[in-house]
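Q: Here is what each chain is made of, one letter per residue.
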Amino acid sequence: MDLVTPGIGLIFWTTFIFFLLLIILRVFAWKPILNAVKNREASIKSALDSAEKAKDDMKKLQSKNEEILQKAKQEREALMKEAREVKDRIIAEAKDKAQQEASKLIEMARLNIRNEKTAAIAEIKAQVAILSVEIAEKILREKLSQSKEQDALISRLLDDVKIN
Amino acid sequence: MNCLQVVSKRIFFVLLASTILWLPASASDHPVAAEKTAHEEFIPGEFIIDHIKDSHDWHILTKKNGEHVAVYLPVILYSQNSGLNFFMSGKLAHGHSYLGFAYSEETGKIIEMNEAGETIGSPLDFSITKTVAGMMLAAVVILFLFLRMGSSYTKTKNIVPKGFNGFLEPMIVFIRDEIAIPNIGHHKYERFMPYLLTAFFFILVNNIMGLIPFFPFGANVTGNIAVTMVLALITFVITQVSGTKDHWKHVFATPGVPVWLAPIMIPVELIGLFSKPFALMIRLFANITAGHIVVLSLVSLIFIFKALWVSSVSIPMVLFIDVLEILVAFLQAYVFTLLSALFIGLAAKEHHHA
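Protein sequence lines, in the order shown, are assigned to chains A and B.
Under this note's numbering, the residue at position 139 of the first sequence is numbered 139, and the numbers go up by one with no gaps.
Under this note's numbering, the residue at position 200 of the second sequence is numbered 200, and the numbers go up by one with no gaps.
Just chain B, same shape as in the assembly:
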C-alpha cells in the first residue's frame, strides 16, 4: 500500500518533470530567439508560435545551463547564385553562417549573404524541416500499418480481420459506406476511394502524432497552412477534373436563371468553386493549430505564474483538452474527407433539372 503510493507519486513527479523540461525546450525552437529567451523572461506568445511554426531543427529539450538538445535536420537550398546546397542545420545554429547562408534576424528564414555580409537574396528552401520530418514519419507509420494490412488481406481469401486490422477495417468501411457512396454515388465512388482513404488516414495519423508531446512526435503537420493547402488543392483538382458537363453548365449557365443575370452569376459560381477548397484548407489548419495553441497556453500558465502548484490546475485542463483534441483529430480527418467527397460528388454527379 505504502509502496504503491510512493511509486505513483514518483510517476507523477517524473511526468511533471518531463513536461516541465520539454516546455522551455520548445520555447527556444528558434535558435536565434533561443539565445535570447533561454536566459531571459519566458514569453508565452513567442514560445507557442515557435512551436506552431516550422523550423530547421527539431528541438528536444534545453538543459538547465541553457544548452540545447536538438536533432539537426538536413537543409536543402536552391539559390540562383550558388545552385543546389545541402548541409545539416546544425551549421546554422546559434547565429552562425555557412556557405553564405544564415537565418535572417527579422523573419527567421534562411537568407544568402556575400562576403561583406550584405543580403544578396533568399534561396528556395526545400529543407527537410521539422514538419517534413514529422510528415515522413507519419507516412512511414501509415505505410507500415496499411502495407501489412494489405498483404494479410491478399494472402488469405475471405479473411476475418484480426488485431489492429480489426480497428482499421471499420474505418475503411465507414469511409466507403458513409462518406463515399452517399456523396459520390454507387457508380462512381470506387475511382475516388484511394484518394479519400489516403487523405483520411494521412490527416488522422498526422493529427494524432502532433498531439504526442515527445520526440519524434509533436510536429504540427496538419496545423501548417502549406500542408492543408496542398491537400485542399488536390481535392480541388480532382473535383474539377471529374466534373461532368452538368457541373460546368452549372457554373457558366446556371439552369433556370435568366441570361441577363450571367454577369453576376458566373463570378459568384466561380468564387464558389474556389471558396470550397479554401474553406477546407482553413478549417483543418485552424482547428489543429487552435488545439496546439490551447494546450500550450494552458501549460504556459505554470511558467507565467512561476509556481509549481499551478500545474495541479493546468495539467488536468491540458489532459482534458488533449482528450478533446483526440476527438478533433478524428473529427477533422472525417470532415475533410466528407467535404472532399461531397465536392467531388457534386461535380461528378449527373444532375437532372426539371
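So that you can see chain A by itself, here it is in the shape it has in the complex:
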C-alpha cells in the first residue's frame, strides 16, 4: 500500500517548507496583521466609548439646562407674585390714606360751617338787639304822641323783625 505509506523525502520537505513558512510568516505577516487588527479594534472600541461618553455628557448637560430653566421660571413667578402683592398693598394703602384725608377734610368743613353758622347767628342776634333797641327808641318816641298808633307801629315793627 504505497498510498498510505509516508515517504521519507516528503516528510523532510513538508517539515522544511512548513517551518520555513511558519517562521517567515510569523515575523513578517501574522505579527503585523494581528497587531494591526488588534489596534484597529482598540481604536474602534475607544471611539465608541468616547461617543457614548459624549452622549451621556450631552444628556447630563441637557438635564442641567432644563433644571436651570425650571429654576428661572420659578424665580420669575415668585418675583411676579411679590410685585403684584406690593402693588396691591400700595394701592390699598393709598386708598386708605385718601379716604382718611377726605374724611378729615369733610370734618373740617363741617366744623367750619358750624363755626360760621354760630358766628352768623351771633351777628344776627346782635343785629336784632340793635334793631330792637332802635325800634324801642322809635316806639318810645311815637308813644309820646299817640298810643293807638303806637301799638300799631309796634306790631308792624315786630312783624318786620320776625321776617329777619
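Treat the hints with care, since some could be wrong.
Stated by the list, open to error - Taking lysine-lysine and the DSBU-like style, the derived pairs with C-alpha atoms no more than 30 Å apart in a straight line are:
#, chain 1, residue 1, chain 2, residue 2
1, A, Lys38, B, Lys109
2, B, Lys63, A, Lys31
3, B, Lys306, A, Lys31
4, A, Lys55, B, Lys157
5, B, Lys188, A, Lys45
6, A, Lys117, A, Lys104
7, A, Lys162, A, Lys138
8, A, Lys38, B, Lys162
9, A, Lys45, B, Lys157
Treat the hints as calculated values from the structure; they're not laboratory data.
Based on the hints, put chain B in the right spot on chain A.
A: Chain B alone, transformed into the frame defined by chain A:
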C-alpha cells in the same frame, strides 16, 4: 447572436478538448506504466492511483502519437554506496537507468543496481517530486499573499483592508475569534496563532491548488499521507509541549478514578493522546484523496465508455463535485485548524476539578 453562439460553442469544445487531452496524459504519470498504458487499454484504477500518488516528473500531456510532454523534476538521492546524488528525473524516463539508479519494476520507486543489474539497495529519496514542487508553489503563493498583506499592514496605522486583503483578513479574524480564543482561551491563544494561521492557509491553498487541473497546479499535496502526517505531528508536538501539569495528571492519574483502575486508564489515555493526531492525519488525507478520486472517476467514465456524449453527463457532474470540493477545501482546512486548537486548548487549559 449567431456569432456569439459560435464562440460559445468553440469555447465549449476547447474546454472539452483540453480536458480530454489532459486526462490520458495523467493516466501515464508513471513512466514505466506509461509505456504500457499509452498504447494499451485505458485502466481507470491505475490512472487515478497514478494521479493520487507522488511522482518524480510532472506530466502535462501525452500527444496522439504517444509522446509525453512532462516537466522533469530534480532527483536527490542519498545512497549508502555512492553518497549524495543529484540529477534530473528525465534521465530515468522510459525505463532508463542512470548512475545505477532506475525505477523498480514492481514498486515504481527508485532502486540502486550494480553493473550486473542486481539490486543492491534502495536509496533515501529526497527528490523534489511533484508533491514537493506543488507544495513549494503553494508556499510561494502564500508568501506572496501574506508578505504583501503584512507589509501593507506595517506601513499604515489603523489600515482599512483593501482588495484581496479584505478577503483574507476576515479569515484571519475568524481563526482568531472562532477557533483560537474559544478553544484555547483568552490568555494563551496568542502563542498558538502563528501555527494555526500557517496550518490553515497552508492546507487551504494546497487544497485549492490541487483542484485546478492544469500545470503547475493539480498536485495532490494535502491528499498525501506524508504531508498530513507531518502537519498532525506538529499539532501533536505542540499539544504535548504546551501541556500543563493538569494535562499529564489527566493521563497518568485521572482525577476521580480509583487507583486500581490505573492499569486500564493509563493505556486508554495514552491511546487517546495518539489517536487525536492520527485522526487529524487520516481525515485530511482521506477527504482530499477521495475528492480527487471522485472527480477523476467521473472523468474516466468518458474513456470507459469511449464515447464523447458521456462527457455531457460526466462534465456537469465533475463541475458539481469540483464546487463541492471547493467547499471541502475550506471545510477541511477549518476542521484541521479547529481540532488542532481544540487539542492544544485541552492540554494547555487549567482544569478545575471539584
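Q: Hint by hint, where does the structure go against what was stated? Just the numbers, ascending.
A: Numbers 1, 2 and 3, in rising order.
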